[in-house]
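Enquirer: One-letter residues, chain by chain:
Number of protein chains: 2
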Amino acid sequence: MPKNADEMLEFAAAHAKDLAAPGLSPRPQRKVAVLSCMDTRIDLFPMLGLERGDAHVIRNAGGLVTDDAIRSLSASQRLLGTEEIVVVMHEGCGLSGASEDDFRRQLAEDGVLPNWRLGAFSDLEATLHHSLDRLRTARELPHRENVRGFVFDPEDGSLREVDAPER
Amino acid sequence: MPKNADEMLEFAAAHAKDLAAPGLSPRPQRKVAVLSCMDTRIDLFPMLGLERGDAHVIRNAGGLVTDDAIRSLSASQRLLGTEEIVVVMHEGCGLSGASEDDFRRQLAEDGVLPNWRLGAFSDLEATLHHSLDRLRTARELPHRENVRGFVFDPEDGSLREVDAPER
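Line by line, the protein sequences are chains A and B. Under the working numbering, think of the first position of the first sequence as 6, with each following residue one higher. Under the working numbering, think of the first position of the second sequence as 6, with each following residue one higher.
So that you can see chain A by itself, here it is in the shape it has in the complex (with noise of 0.2 Å):
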């Protein structure tokens, strides 16, 4: 029986002292949205320098803009007043040379045939530059001038510019 749930429940117990945040504002200070990877060795605020109310941080599998991201980063704008976007793909994604059809098979033998697709990709840079175009032609985004991407490389603690922004 898993029992992570509980121990997390007794850690934040012990800890709500140091997680209450009151009177910090649910708008960003410093006005800037961050998508990445689910990926387990990813921790964003020590990587990026966040502290609590700086940043949104969304993050998915793959770190990919889908359209749920881009619902996302425009609540983060409409509502919430970010103008500025950071996406963290890296090396070692569990979706890098996934393969869709090996997937797709397995959800349908479960009797599932979903909507949407994995997301596999094998040129991870490319896939980066792909997501950066779409952020920053989606008309979703009031703001779209200010769209970077990074790439984190696990092994060496690296962070690398994909695609700077044409100036």
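Treat the hints as calculated values from the structure; they're not laboratory data. One should not assume that every hint holds.
For identical chains, the list gives no copy identity; a pair is met inside one copy or between any two copies.
[What the hints assert, rightly or not] In silico EDC-like links for lysine to aspartate or glutamate, alpha-carbon gap of 16 Å or less:
{"id": "1", "residue 1": "LYS22", "residue 2": "ASP161"}
{"id": "2", "residue 1": "LYS36", "residue 2": "GLU160"}
{"id": "3", "residue 1": "LYS8", "residue 2": "GLU150"}
{"id": "4", "residue 1": "LYS36", "residue 2": "ASP11"}
{"id": "5", "residue 1": "LYS22", "residue 2": "GLU160"}
{"id": "6", "residue 1": "LYS36", "residue 2": "GLU12"}
{"id": "7", "residue 1": "LYS22", "residue 2": "ASP158"}
{"id": "8", "residue 1": "LYS22", "residue 2": "GLU105"}
{"id": "9", "residue 1": "LYS8", "residue 2": "ASP23"}
{"id": "10", "residue 1": "LYS8", "residue 2": "ASP161"}
{"id": "11", "residue 1": "LYS8", "residue 2": "ASP107"}
{"id": "12", "residue 1": "LYS36", "residue 2": "GLU150"}
{"id": "13", "residue 1": "LYS36", "residue 2": "GLU88"}
On the provided structure of chain A, position chain B as indicated by the hints.
Expert: For chain B alone, coordinates are given in the frame of chain A:
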């Protein structure tokens, strides 16, 4: 001109040694995925006692069980071995009490009619309950027995469970 992205790159470069996790598996060691809101007041690692390597972290506007969250959770379980899901919503969410109509009108004025809804809600606990129900019946997920839902209150730092699982 926003300079968050540049500052983040500089910060990461100065901390690469701490960010490196050579050999750390992309398969979460605690076999758990956390789904939460993008809210700026939420940092899940110190909230739930997570270390890098422990969990997948999925975040979107609201911490809602969207199709894309199902995609990510499905990848998490089918490709990377997680077996447990913890959903963390929170008090004071930007989507709480927001207007779908106003948001849609704003988008329409910018010439876009998205195929998604904002996800505004009025009843936090009912929304979380609905999310848990959806996950527990989602055949996209091979492991749907251990799904738990929490509500975080950023004002006092408390984390409480909503809708304990049937035992």
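Enquirer: A separate judgement is required for each hint: does it hold in the structure or not?
Expert: Going down the list of hints, with the structure as the test:
1. For the homomeric pair LYS22 and ASP161, the shortest alpha-carbon distance between copies (7 Å) is at most 16 Å, but the shortest distance inside one copy (35 Å) is not.
2. With identical chains, the CA atoms of LYS36 and GLU160 are never at most 16 Å apart, being 30 Å at best within one copy and 21 Å at best between copies.
3. Taking CA atoms no more than 16 Å apart as the test, LYS8 paired with GLU150 passes between copies only; the shortest distance there is 12 Å, against 45 Å inside one copy.
4. Taking CA atoms no more than 16 Å apart as the test, LYS36 paired with ASP11 passes between copies only; the shortest distance there is 14 Å, against 34 Å inside one copy.
5. Taking identical chains as interchangeable, the C-alpha atoms of LYS22 and GLU160 lie at most 16 Å apart only when they sit on different chains, with a minimum of 10 Å there against 34 Å within one chain.
6. Taking CA atoms no more than 16 Å apart as the test, LYS36 paired with GLU12 passes between copies only; the shortest distance there is 13 Å, against 33 Å inside one copy.
7. Within a single copy, LYS22 and ASP158 get their C-alpha atoms only as close as 34 Å, which misses the 16 Å cut-off; across copies the closest is 12 Å, which meets it.
8. For a Cα distance limit of 16 Å, the shortest separation of LYS22 from GLU105 qualifies neither inside one copy, at 45 Å, nor across copies, at 35 Å.
9. Taking the shortest Cα distances, LYS8 and ASP23 never come within 16 Å of each other, neither inside one copy (23 Å) nor across copies (29 Å).
10. Neither within a single protomer nor between protomers do LYS8 and ASP161 lie at most 16 Å apart by alpha-carbon distance, with minima of 32 Å and 25 Å respectively.
11. For the identical chains of this complex, LYS8 and ASP107 are neighbours neither inside a copy (31 Å) nor across copies (42 Å), given an alpha-carbon limit of 16 Å.
12. Taking CA atoms no more than 16 Å apart as the test, LYS36 paired with GLU150 passes inside one copy only; the shortest distance there is 13 Å, against 38 Å between copies.
13. In the homo-oligomer, the alpha carbons of LYS36 and GLU88 lie at most 16 Å apart inside one protomer (6 Å), although the nearest pairing across protomers, at 35 Å, exceeds that limit.
Hint check: violations occur at hints 2, 8, 9, 10 and 11; the rest are consistent with the structure.
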